[in-house]
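Engineer: The chain contents come next:
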Amino acid sequence: MAATISQASLLLQKQLKDLAKHPVDGFSAGLVDDSNVFEWQVTIIGPPDTLYDGGYFNAIMSFPQNYPNSPPTVRFTSEMWHPNAQHNIGQLPVYPDGRVCISILHPPGDDPNGYELASERWTPVHTVESIVLSIISMLSGPNDESPANIEAAKEWREKRDDFKKKVRRLVRKSQEML
Amino acid sequence: MINGRWWWWFTWSWRVVRRNQPPPSPPPPSAPADEDVLPFEEYPPPSSDEEEEEINHPTPQISNEAAAAASRSDRRAGLLPASSKAIRGLREVTAADAGEDECAVCLQDFEAGDKLRMMPCCHTFHQRCIFNWLRLSCICPLCRHTLPTQNVDDDSLGRDAHTAAGSTG
Chain A
1 MAATISQASL LLQKQLKDLA KHPVDGFSAG LVDDSNVFEW QVTIIGPPDT LYDGGYFNAI
61 MSFPQNYPNS PPTVRFTSEM WHPNAQHNIG QLPVYPDGRV CISILHPPGD DPNGYELASE
121 RWTPVHTVES IVLSIISMLS GPNDESPANI EAAKEWREKR DDFKKKVRRL VRKSQEML
Chain B
1 MINGRWWWWF TWSWRVVRRN QPPPSPPPPS APADEDVLPF EEYPPPSSDE EEEEINHPTP
61 QISNEAAAAA SRSDRRAGLL PASSKAIRGL REVTAADAGE DECAVCLQDF EAGDKLRMMP
121 CCHTFHQRCI FNWLRLSCIC PLCRHTLPTQ NVDDDSLGRD AHTAAGSTG
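Going down the list, the protein sequences come from chains A and B. Just so you know, we're using full-length UniProt numbering here: the first sequence kicks off at 1 and counts up by one. Just so you know, we're using full-length UniProt numbering here: the second sequence kicks off at 1 and counts up by one.
Read the hints as simulated data drawn from the structure, not as lab findings. Fair warning: there could be bad hints in the mix.
[Stated by the list, open to error] Below, a list of computed lysine-lysine pairs in the DSBU-like style, where the Cα atoms sit at most 35 Å apart:
| # | chain 1 | residue 1 | chain 2 | residue 2 |
| --- | --- | --- | --- | --- |
| 1 | A | K154 | A | K173 |
| 2 | A | K21 | B | K115 |
| 3 | A | K21 | A | K173 |
| 4 | A | K166 | A | K14 |
| 5 | B | K115 | B | K85 |
| 6 | B | K85 | A | K14 |
| 7 | B | K85 | A | K17 |
| 8 | A | K14 | B | K115 |
| 9 | A | K154 | A | K166 |
| 10 | A | K164 | A | K154 |
Can you build the whole structure from these sequences, using the hints too?
Structural biologist: Here is the structure:
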């Protein structure tokens, strides 16, 4: 067990070092507390040319002791409003507590929705970078044909102006929080 | 020109024919001693014997079409662990034989002397990294190539994977 934990922390430390050396466009990432490499704070910049453009959305990534064999949980601490899914990312309900539910974050043996394809599930090659990029890509591509957050999807479909207004308000709020 | 559906039918019927013949021995290119294969002290919980494997992967009680179909789709989705036989059968290679420079799981460079294993799809990982993963899920971390699972190792689904391994690897 000890070997597994140190393997997880070595891998996370390596990613931390690599991201500091080679930052990736669109997000910044670091530890919540320098003494705990399993808890990350990421700030996702709303993708350009989307409703989320200009927003700064904070999220906490919590890695399990047996990472990378199990995925982290990701939870938005900033308010978030998003309808649904993206074609190869899977469902993205953002739960009331801000928890992100995308299929690549579902561990093996767990299929809460009962329909996920192999091509969408977690494998141990996912890194902080690839997970955040999946979330950014999901923000860029709302798709009202397979809604996950029914309420947001309905608003996206039927009251687009209200939806846009709500997201714009979240974006402004996120900028004020900086 | 054989299209995909006919090719599938052909390989499937070939498997059925083979199935009725004496069991072909699975191809473990290297058959290392058990202790050498799984440094189980690193795995929670340690379980090196087949008996425990049986407990972890009970054979389904209901063996009907629906169960087989469900099992097949679970295996495709990577919801089942690979069988210990399939894990043990992975080819041992050296850093020089690996197609990649680093292990995609731990992101460390392969060094001469590292214990590496190659999947049938030719993706290579540290033995410890890939064994830990395959005990949770039967898919290749990089390309999702599927290994046989404990439940299906002895039936046609298991052969399915063996054959697929041969044709893509």
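Engineer: All hints, please: hold or fail.
Structural biologist: Outcome of the hint check:
no., hint, in the structure
1, A:K154 with A:K173, "holds, 23 Å"
2, A:K21 with B:K115, "holds, 30 Å"
3, A:K21 with A:K173, "holds, 30 Å"
4, A:K166 with A:K14, "violated, 38 Å"
5, B:K115 with B:K85, "holds, 18 Å"
6, B:K85 with A:K14, "holds, 33 Å"
7, B:K85 with A:K17, "violated, 38 Å"
8, A:K14 with B:K115, "holds, 21 Å"
9, A:K154 with A:K166, "holds, 13 Å"
10, A:K164 with A:K154, "holds, 13 Å"
The structure does not agree with the numbered hints 4, 7 stated previously, though it agrees with the rest.
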